[in-house]
Amino acid sequence: MALSPSTNQDTAFGEDAVARRRALLIARRADPGHRRAAERYWTQHQKKIEAAGYMFRPRYHADRQFSGTRWNLPHSWFEDWQRRKIIPAPRIVDATRMADGKQVILKRLPDEDSSPDEVDITMLFSSEQYMQRPKNHCIPVIETKRFEELSETVLVLPRMRPYDNPRFRTFGEVVAFAKQIIEGIELMHELHIAHRDCTGQNIVLDPSGMYPNSFHPIKMNRSKGFYWFAKSFTRTQRPPRYYLIDFGLSRYYDPADGVPLDEAVRGGDKSVPEFRDYLDGVHHNPFPTDIYYIGNMLREDFVQKYYGFEWLEPLVADMCQEDPSMRPPIGVVASRFAEVSGALTSWKLRSRLVGRKDSFILGPFRWIRHVYRTTGYIITSTPAVPMPRDEPDLKS
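Throughout the sequence shown, residue numbering follows this note's numbering, covering 1 to 396 in sequence.
It cannot be assumed that every hint is accurate.
[Stated by the list, open to error] Distance condition first, Cα-Cα at most 30 Å in a straight line; then the derived BS3-like pairs of lysine-lysine:
1. 47 with 219
2. 47 with 145
3. 107 with 48
4. 179 with 348
5. 270 with 305
6. 219 with 179
7. 270 with 107
8. 305 with 219
9. 135 with 102
10. 357 with 179
11. 107 with 224
12. 107 with 135
13. 179 with 107
[As the list claims (entries may be wrong)] FRET-style restraints, in silico, Cβ to Cβ:
14. 221 with 383: 22 to 28 Å
15. 354 with 323: 31 to 37 Å
16. 61 with 219: 16 to 22 Å
17. 231 with 135: 27 to 33 Å
18. 116 with 318: 30 to 36 Å
19. 37 with 221: 33 to 39 Å
20. 265 with 84: 21 to 27 Å
21. 314 with 63: 55 to 61 Å
22. 129 with 266: 29 to 35 Å
23. 354 with 63: 49 to 55 Å
24. 233 with 367: 19 to 25 Å
25. 383 with 145: 36 to 42 Å
26. 305 with 110: 35 to 41 Å
Note that these hints are calculated values from the structure, not bench results.
Heads up, the beta-carbon is just placed ideally off N, CA and C, and yes, glycines get one too.
Please take these sequences and the hints and turn them into a complete structure.
Shown next, in the form of structure tokens:
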């Protein structure tokens with residue numbers, strides 16, 4: 001059947017779309033950095049944040065004239081054009097503490113849509129009672145700021161990096177990472193707290209040792225000032241401490257109430273077997289779900305991504321069983337992981353990780369660099385499993 005010719009209504013609709021597009025382009029020219037709504041929120045409240053002692057980088061200054069606009073140069077050349085590729089909500093922003101130049105992250109928790117337990121659980125693990133416990137791998141809070149006029153609380157957190165940035169280089173580095181995260185979940189479960197979203201996106205590393213002069217919050221391979229490469233060390237040279245973050249879905253369950261049952265809340269990992277029909281109204285025990293999250297993260301980010309993790313496959317398979325009641329509790333996971341990782345030889349722990357999708361062309365060059373680096377580690381007796389020695393004082 002032939003298509004009918006365009007009507008006046010169709011033309012009007014097309015003109016409408018063009019007009020909207022033109023208005024958007026005009027708005028973008030007026031705001032060259034094209035701040036998203038998530039960014040504009042922080043720009044609007046810049047003065048309040050400064051009064052509380054924290055300074056934004058130039059991009060978030062309300063009166064900022066963006067660099068390079070007069071000469072029509074590439075945006076990537078300038079620091080104040082750098083923004084996060086994905087900002088799901090206006091919740092976080094990078095900042096600098098004005099008193100001492102410490103780089104931090106601010107996370108706002110509006111009263112109307114924040115988890116009632118998030119602040120309490122976050123602050124619990126930042127208390128003196130738990131802060132010095134070796135198994136505590138929950139991100140510490142530097143301080144909290146309450147803004148009554150905005151009806152929200154702002155958490156001030158140390159600036160971190162994604163746990164897998166930069167990439168892992170050896171099996172020993174992976175063992176150190178997995179051991180710490182299992183410990184962190186073990187402590188939470190000992191205190192009857194389920195994280196309920198302990199996926200890879202909610203795990204970070206403390207970069208203070210690996211990046212002694214810090215780094216840019218968006219272009220993380222760049223220096224703090226953006227225009228130079230950041231000075232860095234490997235995980236083996238400067239062992240990082242790993243942390244769990246984002247306790248918005250976390251809950252405390254009173255052991256006196258028996259086996260905890262709660263409604264299904266889907267976190268970042270949508271593959272949880274018991275949540276496939278999450279609208280069915282059936283309640284589930286959240287603690288085995290935590291086990292699945294950690295197991296599936298290890299499976300997808302290491303076992304399936306690199307060669308040589310056959311030794312970890314049986315444990316991961318048990319952690320990811322379809323039936324939640326068949327998954328081992330976190331204490332058993334910790335002991336089994338200690339057993340299988342403890343059986344690895346020093347040669348294996350120092351071996352280079354080879355990705356299943358790595359370039360064959362770059363492989364020989366990476367191998368030569370790895371041999372050179374590893375020889376230095378052996379000569380200097382650097383441990384094959386790089387565990388952090390002391391608890392860093394991230395709150396100061």
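Checklist entry - For which of the previously enumerated hints does the structure constitute a violation, in increasing order of number? => result Checked against the structure, the only hint that fails is number 19, while the rest are satisfied.
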